[in-house]
Every structure is written in C-alpha cells, then in structure tokens.
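So the sequence lines, in the order shown, correspond to chains A and B. Plus 98 on top of the position in the first sequence (first one is 1) and you've got this note's numbering. Plus 4 on top of the position in the second sequence (first one is 1) and you've got this note's numbering.
Hint data in this document are derived by calculation from the structure and do not stem from the laboratory. What you are looking at is a predicted structure, and each value in this text was computed from that prediction instead of being measured. Hints may contain errors.
[Said to hold, decoys possible] Derived contacts from chain A toward chain B, CB cut-off under 8 Å, selection only:
| hint | residue |
| --- | --- |
| 1 | LEU148 |
| 2 | LEU155 |
| 3 | SER170 |
| 4 | LYS175 |
| 5 | LEU189 |
| 6 | ASN193 |
| 7 | TYR197 |
| 8 | ASP202 |
Even glycine gets a Cβ: it sits at the ideal position worked out from N, Cα and C.
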Amino acid sequence: MAGLQLKNVSKVYQEGDFETIALNDVTLAVEPGEFIAIIGPSGSGKSTFLSVSGALLQPSKGEVSINDVAISTLKEKELSKVRLEQIGFILQTSNLIPYLTVLDQLLIVKRMGGKVTAQAKEYALRLLADLGMTSKIKKYPNELSGGERQRVAIARSFMNDPDLILADEPTANLDTKRANEVVQLIAQEVKSRGKAAIMVTHDERMLKYCDCVYRIEDGVLSREE
Amino acid sequence: MFLALKELTYSKGRFIMISLIIILISWLVFFLAGLGNGLSDLGAATLKYAPIEYAVYEENSDFSFSKSMLSESLADDLLKEKGVTAVAPIGTASASIRQKNSDEDTASKIDVLIAGIRPGSFMEPIVTAGESLQASNPAGVIVDRSLELEGFKLGDNLTINGSTQEMEIIGFTENQSLSHQPVVFSSLEKLREYKYAAPSSDNGIKDVVNSILIQGKESEPKEIEKSIEGVQVGSKKEAINAVPGYAAENGTITLMVGFLIIISAIIIAVFFYILTSQKTQQFGVMKAIGGSNWFIIKSVVSQVFILSVISILIGILLTYATAAVLPDSMPFNLIPSLVISYSLVLLAISVISSFFSVLKIAKIDPLTALGGKE
C-alpha cells in the first residue's frame with residue numbers, strides 16, 4: 099500500500115523527571131490522491147506529528163512507513179535521502195534560500211541528489227507554469243510577495259516527484275484571498291499528480307479543500323466528521 | 005560549488021568584508037615574511053643561497069668561520085672523498101674600507117666582510133655589472149651592490165683601513181651579505197695578505213683558509229670526519245646557524261610570523277563560525293527538504309576555499325606593490341618559495357578553520373525548519 103502509514107505511533111519527550119507524550123498511539127493511513135488536514139491547538143502535537151511523518155524525527159514506539167518503506171530503522175543519512183526523494187515539504191513562509199532565483203530554488207533539490215539534467219529544468223519550468231510563476235523565474239525571494247513565495251515552495255515540494263507532500267501551516271502570514279489560492283493550488287496539484295498530502299493548519303477556513311480532517315489534542319488523533 | 009558561488013555573488017557586500025579581513029591578514033603575513041627574510045639575508049645571504057651541502061671546519065670550532073683554520077690543501081683530499089663533487093675553500097675577515105688616497109681620519113669608511121675564494125669556484129657570485137674574478141688579478145674584487153649606494157663605482161681602488169692592502173672593484177653582485185655586512189669577494193691570496201699579515205698569525209698552517217665548502221648530496225659527513233684528521237663537518241643549516249646572531253634573530257622573526265598565523269587562524273575561524281551560525285535556519289530548511297550534511301558542508305567549505313584563494317592572491321599583489329615603493333635600504337626579500345609556502349599555510353588555515361563550522365552544521369536539526377518544536 100503506497101502513501102503514508104502510521105501504526106500505533108507514540109512520541110515521548112523526556113525532560114528531567116517529566117515525560118511529555120506528544121503523540122499517543124496514533125494510527126493513520128493516507129493514500130495517494132488523498133489530501134487531509136490536521137488541526138489542533140498549539141502544543142497539541144501537530145508539529146511532532148509532521149516531524150514524525152516527514153522522517154525528521156524517529157517515533158518512540160510504533161512504525162511509520164512511506165511508500166511501503168519502514169523508516170524507523172533508517173540512519174540519518176538514509177533519512178535525508180527519504181526526505182529528498184519521497185517527501186515534499188511546504189514550510190512556513192520565508193523558508194526559501196535567499197540567494198537563489200525562483201528557478202534555482204527548484205533545481206537545488208535536484209542538485210542535492212546529483213546532477214541537474216535538461217529534463218529536470220524543463221520539469222521545473224512546467225511546474226512553475228502550472229503555478230502561474232513563469233514570469234518570475236529570475237526573481238529572488240525578497241522580490242516576491244508572500245503568496246508567490248508559497249507558490250515557489252509548493253513547486254519545490256513537487257520537484258522530486260515525491261510520494262508524500264507535507265505542508266506546515268502554509269497559510270501563515272497570508273491574507274484570506276492569497277491563503278485560499280495557495281491551498282487551492284496544493285489541492286489541485288495533489289489531485290492531478292496523485293500524491294498523498296497532509297496539511298497541518300489552525301486555519302479552519304482552509305478545511306473545505308481537504309478530503310477529511312483530523313483533530314489532534316494532547317497527542318491523540320481523532321477524525322472530525 | 006554552485007550554492008557557494010551563488011551566495012558569493014548575491015551577498016557581495018558581506019563577502020567583500022570577510023575577504024578584506026583575509027586580504028589584510030595575508031598582506032601582513034607576506035609583508036612580515038618578506039621583511040623577515042630580508043633581515044635574515046643580511047645575516048647570512050651568502051651562505052643561505054650558496055649551492056652547498058656541507059661545510060668543513062677545524063675540529064672544535066663550533067662551525068664558526070672565525071674559530072676555524074684549515075690548510076687549503078685539504079680541498080684536494082676532500083675531493084677524493086665519496087660523494088663530494090666540488091669544493092670551495094673560503095676565508096673571511098671583517099674590515100673597513102675607504103677610497104684609495106682618501107684621508108684616513110675624515111674619509112667615510114664602510115664595514116664589510118671580505119670573503120676570499122678561488123676565482124671560478126661555485127662560491128663566486130654572478131656579477132650584475134663588471135666582470136668575474138681573475139686569477140691573474142688577485143687585487144680585483146666583486147662587491148655587493150649596496151656599496152654602489154654608498155658611492156663606490158666599478159674601477160674604484162679601495163684601501164683597507166689600518167692596513168696597506170689595496171683592492172680594485174671589478175664587479176658588482178646582488179644580495180651578498182654576512183653578519184649584516186656587505187660581502188667583498190676577493191682572491192684567497194689577497195685575503196691572506198690582509199688577515200694574516202702579522203708573522204705566525206696563521207699558526208704555521210700553509211695556505212690557511214677558514215672553511216672548505218662542499219657540494220655533493222651523496223657525501224657522508226661522518227665518513228669525512230673519520231678519514232681526515234682534525235676536521236668537523238657541518239650541514240649547510242649548521243653553518244648558517246653558526247653565523248653570530250643569526251639563530252637568535254631568525255628565531256624572533258619566525259616566532260612573530262608564527263604568532264601572526266595562529267592569531268589569524270583564530271580570527272578567520274571565528275568569522276566563518278559566526279557566518280555559519282547566522283545561517284542555521286537556512287541549513288535546517290535544506291536538511292528538511294532532503295539536503296545531506298555532506299551537500300551543505302561541501303558548499304560551505306568550497307565557499308571558504310574560493311574566498312581564501314582570491315583574498316590571498318590579492319594579498320600577494322598588495323605585498324609586491326608595497327615592496328615596490330619601499331626604500332632600497334629596507335631589507336625586504338620575498339622569494340617565490342616563501343610566497344608559495346605561506347599561501348598554502350594560509351589557505352590550509354582557512355579551510356581547516358571552516359571545519360569548526362562543519363561541526364556546527366552537522367549538529368543542526370532539520371526540525372529548526374518547522375514552525376517550532378513542541
């Protein structure tokens with residue numbers, strides 16, 4: 099089964115004598131073409147959930163598999179390979195590299211894995227065209243608006259044709275119009291390219307674009323009807 | 005390399021400031037190295053640049069020209085030793101010289117070191133003006149060019165102060181100095197007539213010289229000491245260090261340059277470390293989207309490398325530009341081998357000091373890319 103599976107995943111942080119249970123026995127499957135949202139108050143375990151799903155953190159218990167590969171046994175080097183090839187991150191604003199042009203932001207992902215081919219460049223240009231950024235490919239991040247920056251981040255996350263897209267508060271710092279546009283674009287790309295996608299957000303206006311919504315509270319994940 | 009260059013061209017201002025620091029440091033290092041070498045040339049240039057491997061002295065003379073007396077005939081015996089390809093007997097004497105027929109009390113006198121050599125031997129310097137020593141003219145001498153600055157010219161006749169000996173300048177040469185005195189190359193005969201003028205001051209040694217310099221990489225100093233009685237053989241280095249004052253002087257300069265290099269290493273390391281620290285978030289993002297440690301480290305180290313190479317090259321240019329306007333009396337001699345070795349040291353320091361940043365990079369948690377840890 100492709101996509102993302104979490105089986106009985108727990109994450110416990112040890113701080114002195116205190117134990118914080120950030121994730122408590124979470125089980126979830128996201129299939130290709132499915133776009134789900136995770137909501138919850140701050141401190142509820144949203145970021146931990148995203149980090150564990152995104153191969154940034156290893157769970158304390160349970161198993162995470164991405165595209166049928168269990169990641170709990172992988173070393174840091176292999177994890178970064180998984181992140182590069184199988185996961186696309188859309189992070190909060192201003193997470194583009196300041197000294198690269200829009201096109202280079204996408205190509206750097208290819209460079210991390212080796213060489214940049216002519217096909218890769220073509221693919222990047224097509225992605226940017228899809229997102230309406232063709233006229234901006236030579237611009238630097240500081241010359242773009244917040245919405246445009248997020249579009250570049252979306253394009254970057256799709257660059258390696260990953261199986262899983264993870265979005266961390268992609269609409270933070272955006273006004274309603276731009277926020278709607280950005281999430282709509284994510285939904286559209288996810289559907290047309292058949293990716294499994296998870297968006298962590300506290301912006302309830304954006305939930306209409308998602309197939310289903312989960313709420314996380316004190317580390318416990320439950321489906322919202 | 006790609007990321008490194010992109011960032012260099014994007015944040016020009018910041019990198020110009022950093023390279024300015026490296027430029028200034030390398031300028032100072034090269035300049036001090038040049039001055040240091042110039043000073044050490046004054047102390048022992050004639051020996052430093054001599055094409056010799058060993059020097060033979062009288063036993064127990066501590067490799068000192070002034071304490072050692074040998075017979076010139078030993079040269080022939082040395083030539084028969086294994087590995088010895090050429091020999092050059094040498095005798096030295098301090099003297100002060102003045103123009104012939106000038107008044108002994110009022111004329112300006114110059115302290116020099118007279119080095120008696122065999123005309124045509126490998127110790128005879130290349131003349132930049134005039135002609136080389138002639139066996140037929142034992143009074144002819146080749147003198148260091150610094151005497152030209154004192155007003156001496158080709159064809160001038162010289163009188164040695166406090167002696168009746170006279171010499172004639174037939175050639176000028178460059179960078180010949182020993183014990184901070186310009187060297188006057190004369191025939192051995194002339195030197196003996198002056199230095200051993202007093203009866204039996206030569207201890208009864210026939211054709212006395214102070215040392216016999218040896219060429220031949222294969223020669224074996226221990227064997228020579230065994231087979232020829234009453235001699236000691238020193239390496240070129242030992243001979244140079246035995247020049248009075250040379251070792252102490254050189255030690256001071258080396259210490260200064262050494263400290264300068266250690267301090268610059270620290271400064272450069274701190275600069276790159278701060279630069280890396282400022283980019284923690286950025287590197288976190290790169291790691292989150294799949295950049296390996298190696299990818300990021302490569303980009304940082306290559307950036308340091310590019311920056312250092314450019315800065316050091318500019319530092320070298322500045323040093324030569326400064327040297328061009330220095331007064332001739334300032335001892336400055338920056339030889340290419342020094343430039344190359346100090347450049348490599350500076351480059352190595354920059355790159356090694358960037359490894360502290362590398363440690364930092366390896367520790368950056370890709371989680372920093374997310375909004376915040378819970």
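Checked against the structure, which of the hints given earlier come out wrong? Failing hint: just 3.
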